[in-house]
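Asker: Sequence:
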Amino acid sequence: MGQKEIAYEDFSDNSQSQVKHISVDVIAVPEPPSLMHYESSTPASRSIFHGDDDNSMAFMPFPNDPKFDSLEHSLHYKTLSWQDKFDDPDVDLIMMETALQLNQHCSISFEEIDKTNILPHLMPRYGSSGLAHKIRQRDIPDCPVLKKLLEYLKAPPPRPYGPGLYSRLESIVSIFCPNLSCLQPYCTSHVESLPMAQPVIPQMHNDKFARRVKTPCGETCFVLNETAGLGTITWSAEDVETLTTVLLITPDTLPCDLAIICDKPCHEVFHQRGVILPPELINAANEQKSRRPLSRSLKFADFDPNNYTPNSPCSHEGPCDHRSQCDCYLNKAHCERNCRCSPKCHRRWKGCQCARSKIADTCSNVQRCACRKANRECDPDVCLKCKARDSSGEICHNVCIQQGRRKGLEVRESTWGLGAFLTEDVNAGELISEYIGELIYELTTDSRQDLSKHSGRNYVFALNSTVSIDSSYVGNETRFVNHVPAPNANSSPQVWLVNGEHRIGIFAAQDMKNGTEISFDYGPQFFVGVPEHGPAHSESLLSTTTFEPSNSIDT
Numbered sequence: 001m002g003q004k005e006i007a008y009e010d011f012s013d014n015s016q017s018q019v020k021h022i023s024v025d026v027i028a029v030p031e032p033p034s035l036m037h038y039e040s041s042t043p044a045s046r047s048i049f050h051g052d053d054d055n056s057m058a059f060m061p062f063p064n065d066p067k068f069d070s071l072e073h074s075l076h077y078k079t080l081s082w083q084d085k086f087d088d089p090d091v092d093l094i095m096m097e098t099a100l101q102l103n104q105h106c107s108i109s110f111e112e113i114d115k116t117n118i119l120p121h122l123m124p125r126y127g128s129s130g131l132a133h134k135i136r137q138r139d140i141p142d143c144p145v146l147k148k149l150l151e152y153l154k155a156p157p158p159r160p161y162g163p164g165l166y167s168r169l170e171s172i173v174s175i176f177c178p179n180l181s182c183l184q185p186y187c188t189s190h191v192e193s194l195p196m197a198q199p200v201i202p203q204m205h206n207d208k209f210a211r212r213v214k215t216p217c218g219e220t221c222f223v224l225n226e227t228a229g230l231g232t233i234t235w236s237a238e239d240v241e242t243l244t245t246v247l248l249i250t251p252d253t254l255p256c257d258l259a260i261i262c263d264k265p266c267h268e269v270f271h272q273r274g275v276i277l278p279p280e281l282i283n284a285a286n287e288q289k290s291r292r293p294l295s296r297s298l299k300f301a302d303f304d305p306n307n308y309t310p311n312s313p314c315s316h317e318g319p320c321d322h323r324s325q326c327d328c329y330l331n332k333a334h335c336e337r338n339c340r341c342s343p344k345c346h347r348r349w350k351g352c353q354c355a356r357s358k359i360a361d362t363c364s365n366v367q368r369c370a371c372r373k374a375n376r377e378c379d380p381d382v383c384l385k386c387k388a389r390d391s392s393g394e395i396c397h398n399v400c401i402q403q404g405r406r407k408g409l410e411v412r413e414s415t416w417g418l419g420a421f422l423t424e425d426v427n428a429g430e431l432i433s434e435y436i437g438e439l440i441y442e443l444t445t446d447s448r449q450d451l452s453k454h455s456g457r458n459y460v461f462a463l464n465s466t467v468s469i470d471s472s473y474v475g476n477e478t479r480f481v482n483h484v485p486a487p488n489a490n491s492s493p494q495v496w497l498v499n500g501e502h503r504i505g506i507f508a509a510q511d512m513k514n515g516t517e518i519s520f521d522y523g524p525q526f527f528v529g530v531p532e533h534g535p536a537h538s539e540s541l542l543s544t545t546t547f548e549p550s551n552s553i554d555t
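Numbering follows the working numbering, with no gaps: position 453 of the sequence shown is 453.
What the hints contain is simulated information worked out from the structure, not anything from laboratory work.
Backbone N, C-alpha and C fix where the C-beta goes; we use that ideal spot for every residue, glycine too.
It is possible that some hints are incorrect.
What the hints assert, rightly or not - In silico lysine-lysine, DSS-like type, Cα no more than 30 Å apart, as pairs:
hint: 1; residue 1: Lys387; residue 2: Lys332
hint: 2; residue 1: Lys78; residue 2: Lys115
hint: 3; residue 1: Lys299; residue 2: Lys344
hint: 4; residue 1: Lys373; residue 2: Lys387
hint: 5; residue 1: Lys134; residue 2: Lys148
hint: 6; residue 1: Lys344; residue 2: Lys373
hint: 7; residue 1: Lys385; residue 2: Lys407
hint: 8; residue 1: Lys350; residue 2: Lys373
Said to hold, decoys possible - Pair ranges (Cβ atoms, derived):
hint: 9; residue 1: Pro185; residue 2: Thr423; range: 54 to 64 Å
hint: 10; residue 1: Gln104; residue 2: Gly456; range: 31 to 41 Å
hint: 11; residue 1: Glu39; residue 2: Gln203; range: 36 to 46 Å
hint: 12; residue 1: Tyr186; residue 2: Thr309; range: 32 to 42 Å
hint: 13; residue 1: Phe86; residue 2: Ser34; range: 31 to 41 Å
hint: 14; residue 1: Met36; residue 2: Lys385; range: 48 to 58 Å
hint: 15; residue 1: Tyr186; residue 2: Ser297; range: 35 to 45 Å
hint: 16; residue 1: Lys344; residue 2: Glu442; range: 35 to 45 Å
hint: 17; residue 1: Ile175; residue 2: Gly51; range: 42 to 52 Å
hint: 18; residue 1: Ile175; residue 2: Lys373; range: 31 to 41 Å
hint: 19; residue 1: Ala284; residue 2: Pro185; range: 34 to 44 Å
hint: 20; residue 1: Asp511; residue 2: Ser342; range: 52 to 62 Å
Produce the complete structure using the sequences and hints provided.
Answerer: Here is the structure:
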């Protein structure tokens, strides 16, 4: 440590200045070591659906590196963003004026214009603020189009749904993800919205309800007033639509309960149900329901992730067979919880029958547990004996991915760059963590391979025959797990079907103590084109392929 003087000029209020000196302590610090070459990654607790990258290339990566084949990489894209993404302000004003004229003279709202997909989108939507917002932000002098637009935007925005209960339900269903791993709106893992459930076929005629009532619900109960005041019942169209919507979902609910939902007298609800669901309609609906699934042997392929990709939940009339062109039937998949078919559908997964045992952990044996044998985690809706719904984790040992029973990991310097280390003990067979990243399709896997090959860092993990997980830009600590050839690796990645979707869990292959570095075998295909490899991290590999998770589920 030493001292040095720093000179500075001090200015006073009368514009006079004076040079002054100040002594400072100087401490010599050795140059810190540079960090290994890694990309930054946004932390996430669940994989995010990305699909394919844009067909327009936003920029040319490694522009000043002659070793990067920019021409070959550009062939993955159709256009260049800086050429086709340019918006002419004059054209935008013409489009805006057209939309305003349609609204003023033809009473067509901006939302209705957007549905035609003829003009550029006017209103905000996912990934775009809309043309109206863009023009509003511009500083255009004396522009009549902007004045008209501001007048239009002063009006209250239209509802995103219709006025009736059915439209409101449809709007909620379209944005809400019912997958047990999510149960939230605007899910980032499942982007396809579900349609409304198929209407439930009514079973009961009105004259059968009285037998189910033990005690009248009140003075207006239909049991006491089946025919009272029928001539004076006046319901609005919206009231009738509300009851009709409820009956589509639960047609055999007692009028006493329907009266609470609809906020109407019980005997009036009873009468209106008879009008909406007359006996002849109920009989006809049940005759149509009598169509049974064909007695053919059921074929399933959802136990092998190498030859199966989960499909969207099915939604159709009739049984799940070739006559209804059921998506699950065509994909040889079991119907899952979110499918719109009957809970008694013959294609539904039946679950396991494992009961609590004093000898071994429940649902831990691949030979005894039907779910484990099929590379599935237990389904909380159907695996009842093993208590798969119990979040304490003391009973069922086959719900660790969906319940997030992960071990603590930290990233720090390893023998081969950075690595992932345990911050707690783990037993053999336990889940360490889930491999997280972007869910991408094959075309994007190919286009990104140029970048990973050039940088020598590859984070793409094959999930199934269609989708891969890439943690280059989104991920968690597992992206830093290093390669060690089997059988010396202390963990194993495995693909499991969890609530109808494939997910990759990294499981301990042996007992490990706090501070142990996690490793697994990347698989032989990862090193295609690499002449020699030993213990290494993807940071040092010239990779042309993806990780290959094991399908083994032995514990």
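Asker: Each hint should be assessed against the structure and marked as holding or not.
Answerer: Hints versus structure:
no. : hint                          : result
1   : Lys387 <-> Lys332             : holds (28 Å)
2   : Lys78 <-> Lys115              : holds (26 Å)
3   : Lys299 <-> Lys344             : holds (18 Å)
4   : Lys373 <-> Lys387             : holds (18 Å)
5   : Lys134 <-> Lys148             : holds (15 Å)
6   : Lys344 <-> Lys373             : holds (23 Å)
7   : Lys385 <-> Lys407             : holds (26 Å)
8   : Lys350 <-> Lys373             : holds (13 Å)
9   : Pro185 <-> Thr423: 54 to 64 Å : violated (33 Å)
10  : Gln104 <-> Gly456: 31 to 41 Å : violated (60 Å)
11  : Glu39 <-> Gln203: 36 to 46 Å  : violated (59 Å)
12  : Tyr186 <-> Thr309: 32 to 42 Å : violated (24 Å)
13  : Phe86 <-> Ser34: 31 to 41 Å   : holds (40 Å)
14  : Met36 <-> Lys385: 48 to 58 Å  : holds (49 Å)
15  : Tyr186 <-> Ser297: 35 to 45 Å : holds (41 Å)
16  : Lys344 <-> Glu442: 35 to 45 Å : holds (37 Å)
17  : Ile175 <-> Gly51: 42 to 52 Å  : violated (19 Å)
18  : Ile175 <-> Lys373: 31 to 41 Å : holds (36 Å)
19  : Ala284 <-> Pro185: 34 to 44 Å : holds (37 Å)
20  : Asp511 <-> Ser342: 52 to 62 Å : violated (46 Å)
The structure is inconsistent with the numbered hints 9, 10, 11, 12, 17 and 20, although it conforms to all the rest.
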